[in-house]
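Please take these sequences and the hints and turn them into a complete structure.
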Amino acid sequence: GNSVTQMEGPVTLSEEAFLTINCTYTATGYPSLFWYVQYPGEGLQLLLKATKADDKGSNKGFEATYRKETTSFHLEKGSVQVSDSAVYFCALRSGNAGNMLTFGGGTRLMVKP
Amino acid sequence: GAVVSQHPSRVICKSGTSVKIECRSLDFQATTMFWYRQFPKQSLMLMATSNEGSKATYEQGVEKDKFLINHASLTLSTLTVTSAHPEDSSFYICSARTGQGKETQYFGPGTRLLVL
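Here the protein sequences come in this chain order: U and W. Our numbering puts the first residue of the first sequence at 158, with every later residue one more than the last. Our numbering puts the first residue of the second sequence at 13, with every later residue one more than the last.
Everything labelled a hint here was simulated from the structure, so no lab data went into it. Don't take each hint at face value.
[As the list claims (entries may be wrong)] Derived pair list, reagent style DSS-like, types lysine-lysine, alpha-carbon separation capped at 27 angstroms:
id	chain 1	residue 1	chain 2	residue 2
1	W	53	U	234
2	W	53	W	76
3	U	206	W	76
4	U	217	W	76
Here it is in structure tokens:
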């Protein structure tokens with residue numbers, strides 16, 4: 158079946174540091190890939206997505222590239238801010254699984270001033 | 013983007029009582045709605061999927077008589093936790109999409125349930 162693996166957190170960075178959160182996946186067919194963000198006490202918000210190989214999703218300074226050859230969708234940001242502190246979830250959606258979202262375990266990011 | 017609301021945002025109840033959580037799509041028709049449960053510091057666990065006008069499909073291990081789901085209209089789904097117990101305390105998140113295909117899935121803000 159489909160699965161998503163993310164690096165375990167928490168990831169603690171200083172403001173303006175470079176961020177990478179690794180995400181790899183296992184899926185049949187050609188899944189779409191997503192990053193969701195969850196701020197404290199809130200639900201999930203779609204951060205970015207990519208629907209085919211080599212696509213780059215980007216939003217709010219975050220970006221991730223769909224790498225089919227390495228089955229990865231790593232999240233990056235060049236300069237994090239305190240307001241980026243949240244939990245980040247990598248997810249995939251595949252037509253082979255009824256178009257249901259499969260989530261990774263989540264990675265907590267803490268940015269210190 | 014599309015908005016999904018949940019009510020209440022937080023509820024505290026006594027053991028043995030039932031709690032109803034509402035999920036509404038505010039500016040689109042949600043053909044399909046999902047209910048997730050999230051334990052502290054863990055990922056989301058899909059509980060069930062519901063299509064408007066039909067019975068919900070529950071994931072393995074989720075008790076359908078314990079977690080009653082009603083998707084009565086294209087903008088409203090409800091989750092009722094019946095005879096709640098402390099182990100049901102959790103963060104419940106609903107999600108909605110317009111179809112059954114590749115449309116974007118939007119999430120509600122979540123409802124924190126505490127059963128005493």
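Hint check results:
1. W:53 x U:234: Distance of about 23 angstroms is within 27 angstroms: holds.
2. W:53 x W:76: It holds: about 25 angstroms lies between the C-alpha atoms, which stays within 27 angstroms.
3. U:206 x W:76: With Cα atoms ~33 angstroms apart, residue 206 of chain U and residue 76 of chain W exceed 27 angstroms; violated.
4. U:217 x W:76: Violated. Residue 217 of chain U to residue 76 of chain W sits at ~40 angstroms, over the 27 angstroms cutoff.
Hint check: violations occur at hints 3 and 4; the rest are consistent with the structure.
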